[in-house]
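**Q** Could you use the hints to bring the two separately framed chains together as a complex?
Protein chains in written order, with this note's numbering: chain A, 1 to 224; chain B, 1 to 140.
Simulated from the structure, these hints should not be mistaken for laboratory data.
In silico DSBU-like cross-links for lysine-lysine, where the CA-CA straight-line distance does not exceed 35 Å: (1) B:Lys15 - A:Lys40; (2) A:Lys181 - B:Lys81; (3) A:Lys28 - B:Lys54; (4) A:Lys17 - B:Lys128; (5) A:Lys40 - A:Lys80; (6) B:Lys15 - B:Lys91; (7) B:Lys136 - A:Lys50.
Here are the computed distance ranges between Cβ atoms for each label pair: (8) A:Asn115 - B:Tyr5: 37 to 43 Å; (9) A:Asp14 - B:Ser59: 21 to 27 Å; (10) B:Ser59 - A:Pro212: 47 to 53 Å; (11) A:His166 - B:Glu101: 41 to 47 Å.
For every residue, glycine included, the Cβ atom is placed at its ideal position computed from N, Cα and C.
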Amino acid sequence: MIVADRKPLNEILDMVKRCNRILVVGCKGCVTVCNVGGLKEVQILATSLKIARKIGGFPLVVDEMVLERQCDTEYIAIIKETVTDYDAVVSMACGVGPQFLSEAYPEQKFYPAVNTTFFGGAVSHGIWEERCAGCGTCVIHYFDGLCPVARCSKSLLNGPCGGSDHGKCEISREVDCIWDKIVRKKVEQGRLDDLLDVVPAKNWQSARDGGPRRSRREELIQNG
Amino acid sequence: MSEVYEPTLIAFCCKYCAYAAADLAGSMRLSYPSNVKITQVPCTGRVDIIHLLKAIENSADGVYVAGCMEGDCHFVSGNLKARKRVEYVKKTLTELGIEPERVEMFNLSSAMGPRFAEIAIDMTDRIKKLGPSPVKRGDT
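So here's chain B without its partners, still in its complex pose (with noise of 0.2 Å):
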């Protein structure tokens, strides 16, 4: 029997939007890969470069930030910020020789249950189509 690829996604969501949308998409009983790891954050401008990395030097296969629609921000800038920090990561990444892809920033707000499960299971497809992680198969 051949061996699943089952990749680990870490998502930083922003206690204010997707954290409470995976929230809503819970109580909407919508279904969405169990692959994503959920980290809250108070706002995704708390999210810096080195937990990003730290996530994909700990072998995530990919990892993405979800914070509020531009400019609902509850800190005004914070998910802005988050952009900026997650462009540099994806730089950082491409320098190391590593798929950009495998880090994402998205927007939405907390009345999008299904939109964050969509967010889930288009980024768990996109990372399972990029297979392990470069650093995961170092690893081994």
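Here chain A stands alone, though its shape is the one from the complex (with noise of 0.2 Å):
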């Protein structure tokens, strides 16, 4: 799923400093399950934008939505009549959200609740870890299902490097070496012959060095 966090209090108050009525509209998708912009958090921080604001005697209303999805048009179009009640929308969506908004009521403001961080999962409750950085062309069947790309700091595909203490990388103690994950599986699988076969180097107009990217599957397009 995609990972966010909140955006600081301060930073959100800011955006809608000069407004009197905002609705702050949540995400039942990735933002949800990541627990940064589904129910529970589109009430908490209308609430403490509220509090805020009761403190500076410039009192805002704020409404709650949460829609299902906010990268999805049909979704989107829940919103249609109400949209313009307001000064601004806040979105607790990824940043897909505020822009499918902002593309679907040219006439609105969107301002972002949170900053949107990585492609991850849940490793345990309460943290969660990068696991694909979205590159386009997924390589780990080299390295047993354990990817550089998004796990090594270098992105290193033919690793370790001298970074490499005790599993875990010179960047931070925190940050396990993802080299030495996948060395010591393959040594545990008496596989490490695979790692003399010098991994290509890899094309990376599939990533974010191409441009903006689109994908487009003939067989669901409608209409022409």
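**A** Printed below as a string of structure tokens:
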């Protein structure tokens, strides 16, 4: 899933400082699963903003809503009738949400309430880790399901580097060296010789280096 | 005649410990401030961040959660979860410029009637010293 963190309250308060009435809109997709932009978090943000503005003597009317997803135009259409009733709309979805909303309703202002951080999963309650860099050409079959593109600080395809220290990366004692894990797994499975093959240089054009990306599925496209 | 400030405190009390302790305090004829409004919950694990924030938003001067002693929760870890939520709300209040001491977590057992009264007195004193909630001041 896409993992995000909520922005500091002061940053969000600054975005809406000239507003009297706003809509905080959450998303039932990834941000609900990572407890950042679902129903609960929408309520918490709305209440926090109202408290801050009450203290400032400039009360803010905040309505709350959670859309099925903000990355599908059909769900965004639900707010069509009411979207212009507000001075601004604060989206708690990943970075896709406010952009889809902004494209659908050019007359309204949309502000992001979260920082979209990475593609990952929950390794335990309350802790999420990056697992995928979305590079567009998956290479984890070379590494038995472990991705050095996302999980090696240098994205080395032929590692480890000299910064691997007792299973940790030199950048932080909290970051595992994924190459340490890859090598250990190969040893455990008796396939260390796999690593004698040099993985060819990766074509990064499928990643962001090729510019904004688009996926087209002819069999799903309707109306031409 | 000067007006005496009487704060409003909301106490979320677990039915297995703090609420029973409040009952015991009553049976023991112990007095505690009437400023404290008690809300019984089936476990403090039921108390969410939004409940605490809503109390603050609606002009409570102080809010506290009173659950079982750590390790004695009827639902294993409800009181531990509540403590983390209280910590979260403290951080949020700090971000909002409100004294984090207005929110607190306490642990006690159903046999601790005097402790329940003591907590109510201490929290009321603490909030009296802090003065009215800034939210309340903004309301006026």
